[in-house]
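J.: Each chain is listed here by its residues.
There are 2 protein chains.
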Amino acid sequence: MTPSNPADAIKLLAFDVFGTVVDWHGSIVREIESRFPGVDADAFALAWRAGYQPAMQRVRAGELGWTLIDDLHRMILDELLPRFGLAHLDEASRRELNRVWHRLDPWPDAVAGLTRLKARYTICTLSNGNLGLLADMAKRAALPWDCILSAEVFRAYKPDAATYLGAARVFDLAPHEAMLVAAHQDDLAAARACGLHTAYIERATEFGTARPKDVSPDPRNTFHARDIGHLADLLNC
Amino acid sequence: MTPSNPADAIKLLAFDVFGTVVDWHGSIVREIESRFPGVDADAFALAWRAGYQPAMQRVRAGELGWTLIDDLHRMILDELLPRFGLAHLDEASRRELNRVWHRLDPWPDAVAGLTRLKARYTICTLSNGNLGLLADMAKRAALPWDCILSAEVFRAYKPDAATYLGAARVFDLAPHEAMLVAAHQDDLAAARACGLHTAYIERATEFGTARPKDVSPDPRNTFHARDIGHLADLLNC
Chain V
1 MTPSNPADAI KLLAFDVFGT VVDWHGSIVR EIESRFPGVD ADAFALAWRA
51 GYQPAMQRVR AGELGWTLID DLHRMILDEL LPRFGLAHLD EASRRELNRV
101 WHRLDPWPDA VAGLTRLKAR YTICTLSNGN LGLLADMAKR AALPWDCILS
151 AEVFRAYKPD AATYLGAARV FDLAPHEAML VAAHQDDLAA ARACGLHTAY
201 IERATEFGTA RPKDVSPDPR NTFHARDIGH LADLLNC
Chain Y
1 MTPSNPADAI KLLAFDVFGT VVDWHGSIVR EIESRFPGVD ADAFALAWRA
51 GYQPAMQRVR AGELGWTLID DLHRMILDEL LPRFGLAHLD EASRRELNRV
101 WHRLDPWPDA VAGLTRLKAR YTICTLSNGN LGLLADMAKR AALPWDCILS
151 AEVFRAYKPD AATYLGAARV FDLAPHEAML VAAHQDDLAA ARACGLHTAY
201 IERATEFGTA RPKDVSPDPR NTFHARDIGH LADLLNC
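Chains as they are written, first to last, in the numbering used here: chain V, 1 to 237; chain Y, 1 to 237.
Certain hints may be false.
Copies of the same chain look alike in the list, so a pair counts if it fits in one copy or across any two.
Subject to a maximum C-alpha distance of 30 Å in a straight line, what follows is the list of computed DSS-like cross-link-like pairs (lysine-lysine) [as the list claims (entries may be wrong)]:
(1) 139 x 11
(2) 213 x 118
(3) 139 x 213
Just so you know, these hints were derived from the structure itself, not from any lab.
Just so we're clear, the structure is a prediction, and the values are computed from it rather than from any experiment.
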């Protein structure tokens with residue numbers, strides 16, 4: 001008897017974006033190096049990203065009202081600039097720099113892998129990034145999403161269950177008919193707790209080549225893939 | 001002195017979908033004729049669509065809580081079936097038939113016209129249809145949206161100002177940097193009252209070839225186009 005393939009039940013692939021589909025660290029390092037030679041671009045990128053979870057936590061805790069990630073990125077940026085000798089940047093420059101998150105480059109396998117998966121599945125984002133950010137990013141990088149879903153639609157950030165269940169509900173699916181694809185085990189664990197399938201993507205250099213990340217498999221995930229192309233292989237796309 | 005071209009300020013084209021991009025009447029007629037020979041498919045399509053505004057009005061008036069268009073379509077369908085001798089349809093058949101709204105065919109000019117416009121503008125939907133409906137439709141018909149926006153995102157139906165202003169705000173734009181494209185003057189008038197530019201698309205056969213619609217120009221619209229390809233011409237795309 002052939003064991004049933006979980007891939008047969010899955011209709012929707014919902015992708016985490018920052019780190020999973022796009023290389024935020026490398027993209028920000030390249031932009032900081034080109035705009036501000038002499039600034040420690042690696043430290044700048046890491047500090048900007050490190051401010052992200054505490055900023056979302058302020059919203060979750062009710063200390064801040066519902067806030068788009070663009071605005072959280074800007075709050076973190078404003079705190080960061082003096083530490084990197086950039087306190088002199090004017091409003092227009094800060095605004096433009098903050099939009100680097102709309103200009104992140106995809107990992108080299110992302111566009112081709114997504115295009116293969118799209119032929120069989122509905123593929124969408126499920127990101128804490130706001131809709132405008134995700135749409136600008138997709139347009140620039142030619143990411144072929146069928147639909148852009150965001151924390152903004154559900155007014156809740158991942159790992160709130162409302163986001164994972166909300167993505168399935170948008171497509172009138174049961175949780176087990178959807179799969180979250182992400183490079184972060186905590187995101188996947190939260191999706192799994194909601195009944196979604198999960199696929200882990202290795203992104204060992206998410207925090208830069210100098211700081212390799214543990215990408216060990218967790219057997220609780222439905223799939224474990226080296227990259228999005230490999231996931232397409234595993235799903236016979 | 002050359003008068004400034006409004007097209008130069010516009011960055012976002014937000015499209016009404018039912019009737020403007022897709023031919024709901026023709027698509028539903030074709031499906032009813034093929035499933036239920038003998039049923040008056042033209043009358044069926046018109047009655048289903050005619051139930052739509054009153055159903056949304058029940059939500060606007062607070063008589064119904066927030067309801068997705070899929071569910072409104074289904075409520076209308078259930079009322080309609082006995083009138084057309086189809087009261088015997090079971091749950092699975094009703095569910096499947098209701099999804100005809102996810103399978104509407106685009107007008108012949110839509111995909112090519114949108115593709116031209118996408119090269120210069122961000123193009124999104126701004127429809128009362130729910131996200132899953134719009135995404136299924138786009139995937140099937142290869143509509144090349146940069147982003148799918150819906151009443152569902154704003155929890156308000158057009159012509160509520162929250163929808164038009166919300167679409168501009170998603171992209172961090174002022175209202176005059178966005179343009180609504182629609183085949184319905186009332187939708188356009190509401191967008192114009194919010195400060196958006198407006199483009200009218202002639203769809204004389206929206207209600208069927210037997211029932212041509214008045215497609216006279218309204219000089220208050222920024223553009224008046226025969227179809228989406230013609231709009232691309234007018235915008236030099």
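J.: Hints first: check each against the structure and report whether it holds.
T.: Outcome of the hint check:
1. 139 x 11: both (24 Å within a copy, 13 Å between copies)
2. 213 x 118: For residue 213 and residue 118, only the intra-copy Cα distance (28 Å) is at most 30 Å; the inter-copy one is 38 Å.
3. 139 x 213: This pair counts as within: shortest intra-copy Cα distance 29 Å, inter-copy 36 Å.
Hint violations for this structure: none, all hints satisfied.
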